[in-house]
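Participant: Listed below, chain by chain, are the residues.
Number of protein chains: 2
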Amino acid sequence: MTYCLGICVKDGMLFASDSRTNAGVDYVTSYSKMHVFNPAPDRLFVILSAGNLATTQEIINIIQRDIDYPSGVDSLLSARYLFEAADYVGRVSQQVQQQHNSALQQAGVSGEVSLIIGGQIQGQPHGLMLIYPQGNHIEASKSTPYLQIGETKYGKPVLDRVLSHDLPLNDCARLALVSLSSTTMSNITVGPPYELSLYRTDEFQLASRCKFEEQGDYLIELQQAWTNGLIQSFSNLPRFEWESTEYQAALELNQIENPASIENID
Amino acid sequence: MTYCLGICVKDGMLFASDSRTNAGVDYVTSYSKMHVFNPAPDRLFVILSAGNLATTQEIINIIQRDIDYPSGVDSLLSARYLFEAADYVGRVSQQVQQQHNSALQQAGVSGEVSLIIGGQIQGQPHGLMLIYPQGNHIEASKSTPYLQIGETKYGKPVLDRVLSHDLPLNDCARLALVSLSSTTMSNITVGPPYELSLYRTDEFQLASRCKFEEQGDYLIELQQAWTNGLIQSFSNLPRFEWESTEYQAALELNQIENPASIENID
Numbered sequence: 113m114t115y116c117l118g119i120c121v122k123d124g125m126l127f128a129s130d131s132r133t134n135a136g137v138d139y140v141t142s143y144s145k146m147h148v149f150n151p152a153p154d155r156l157f158v159i160l161s162a163g164n165l166a167t168t169q170e171i172i173n174i175i176q177r178d179i180d181y182p183s184g185v186d187s188l189l190s191a192r193y194l195f196e197a198a199d200y201v202g203r204v205s206q207q208v209q210q211q212h213n214s215a216l217q218q219a220g221v222s223g224e225v226s227l228i229i230g231g232q233i234q235g236q237p238h239g240l241m242l243i244y245p246q247g248n249h250i251e252a253s254k255s256t257p258y259l260q261i262g263e264t265k266y267g268k269p270v271l272d273r274v275l276s277h278d279l280p281l282n283d284c285a286r287l288a289l290v291s292l293s294s295t296t297m298s299n300i301t302v303g304p305p306y307e308l309s310l311y312r313t314d315e316f317q318l319a320s321r322c323k324f325e326e327q328g329d330y331l332i333e334l335q336q337a338w339t340n341g342l343i344q345s346f347s348n349l350p351r352f353e354w355e356s357t358e359y360q361a362a363l364e365l366n367q368i369e370n371p372a373s374i375e376n377i378d
Numbered sequence: 113m114t115y116c117l118g119i120c121v122k123d124g125m126l127f128a129s130d131s132r133t134n135a136g137v138d139y140v141t142s143y144s145k146m147h148v149f150n151p152a153p154d155r156l157f158v159i160l161s162a163g164n165l166a167t168t169q170e171i172i173n174i175i176q177r178d179i180d181y182p183s184g185v186d187s188l189l190s191a192r193y194l195f196e197a198a199d200y201v202g203r204v205s206q207q208v209q210q211q212h213n214s215a216l217q218q219a220g221v222s223g224e225v226s227l228i229i230g231g232q233i234q235g236q237p238h239g240l241m242l243i244y245p246q247g248n249h250i251e252a253s254k255s256t257p258y259l260q261i262g263e264t265k266y267g268k269p270v271l272d273r274v275l276s277h278d279l280p281l282n283d284c285a286r287l288a289l290v291s292l293s294s295t296t297m298s299n300i301t302v303g304p305p306y307e308l309s310l311y312r313t314d315e316f317q318l319a320s321r322c323k324f325e326e327q328g329d330y331l332i333e334l335q336q337a338w339t340n341g342l343i344q345s346f347s348n349l350p351r352f353e354w355e356s357t358e359y360q361a362a363l364e365l366n367q368i369e370n371p372a373s374i375e376n377i378d
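First to last, the sequence lines map onto chains A and B.
According to the working numbering, the first sequence is numbered sequentially starting from 113.
According to the working numbering, the second sequence is numbered sequentially starting from 113.
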């Protein structure tokens, strides 16, 4: 399994991915799921991938080949808008899947791949898109500033509570690490090292690209701080009416009935 | 969709459920998914349900009928252990599903139901079990003190970070409400009112049973406190190395390269 996350805010974009890959539980390896393309000084793209590893690698290789031999073919070099780049990558994905589809179906294996592409082409705003296995795509927006692929559910609640279009990029990076580590805690098929890329709008190169190892100081410190923060937040939650001393005293004096009958819902 | 949660700790048990029921997005109604049986002074059971509503209602009706007419049939009255009660409920579930299976299959509808049963029979410890649609069951343990059915993923990370076998029951109740409201924020097919039941070991009756409305003061206060707590925890997370003023100063003086190349993972 995989968990990849793209965040698109006012100042730029943040890309995050885990790196655990498995074909069954006994063949667990580590692959980067983050692919950066900077084919010309006026454009930068980051592609995140979830799904069949062979399909992913072939898609990435074809994208690179089309940059290397650009004459007469669509490529990340020829795209004038981000949506054209997403459309092109979606077509490559469909082409690779269809090539192997009948053999994979016979083996009962899915060759599908979901992708996130984010980036910027000079003269255009930066943007983030999710490319479905079928090749079509949707775009992140101000009110939905993130897109996820893979094992998306465990890491979503914290995004829904904290993320906004105005969040600074370094905070987005911390948030992405929290979202990834929450997913890892609940699903062992998602795991570190985690990779992060940070892109500031109009720079056309990454501001930061880094990798966080499971036993690295920063990740251990972050996870400890987050768990402590949650436990602290939890201890500050409002008490139930029946926990108050007045209530307990009244209960003992039989001035009120017990809570089960008071708030009985039947 | 549905989200139900059972928690089994040292002091007793906590049961929680949402109440949104839908058959398609345009027939959304509200049903209780929490069923309490106290058929004799020496035993109490709570059953939570997720899945086909018709199957659920028939299962619950049969369980009640078998209590009302106990002669010669298995029932919640005749069970000597919790596992016997779970086994009995699993058999009722299978029987109801099989009765309607062929008609449902023709309509492409699933008649499956997942159940959680928790309770205590005098002389036995309290316990919590998940009954699969196939009728078999697993039990909660000290190291896995909770069981979930329905839309389980969004509400799991907070349980994994906070819950332990020693947590007091009122804290378990708050934790269950946080887990439910996180799920509702991320999936609109799970929604309030939320129901809670609290059982203290060896009491053979519920200590508390209550219902939290969406616009109720307590739920609004709890959600606000939790969101504020998360944002506070988030703001206390450790900063990245590249955010320090020393680092930024060194970067400006060209004493170090930019973070992208320093921590480049390629």
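Treat the hints loosely; a few may be bogus.
If several chains are the same, the list does not tell them apart, and a pair holds so long as it fits within one copy or across any two.
Unchecked claim - SDA-like mimics (lysine to any residue), calculated; alpha carbons at most 25 Å apart, straight line:
1) 122 / 214
2) 122 / 174
3) 254 / 239
4) 122 / 352
5) 323 / 313
No lab work stands behind these hints, which were simulated from the structure alone.
Participant: It remains to establish, for every hint, whether it holds in the given structure.
Facilitator: Now for the hints, and whether the structure bears them out:
no., hint, result
1, 122 / 214, "neither (44 Å within a copy, 54 Å between copies)"
2, 122 / 174, "neither (32 Å within a copy, 58 Å between copies)"
3, 254 / 239, "within (11 Å within a copy, 47 Å between copies)"
4, 122 / 352, "between (40 Å within a copy, 20 Å between copies)"
5, 323 / 313, "within (22 Å within a copy, 48 Å between copies)"
The structure fails to meet hints 1 and 2 from the earlier list, while all remaining hints are met.
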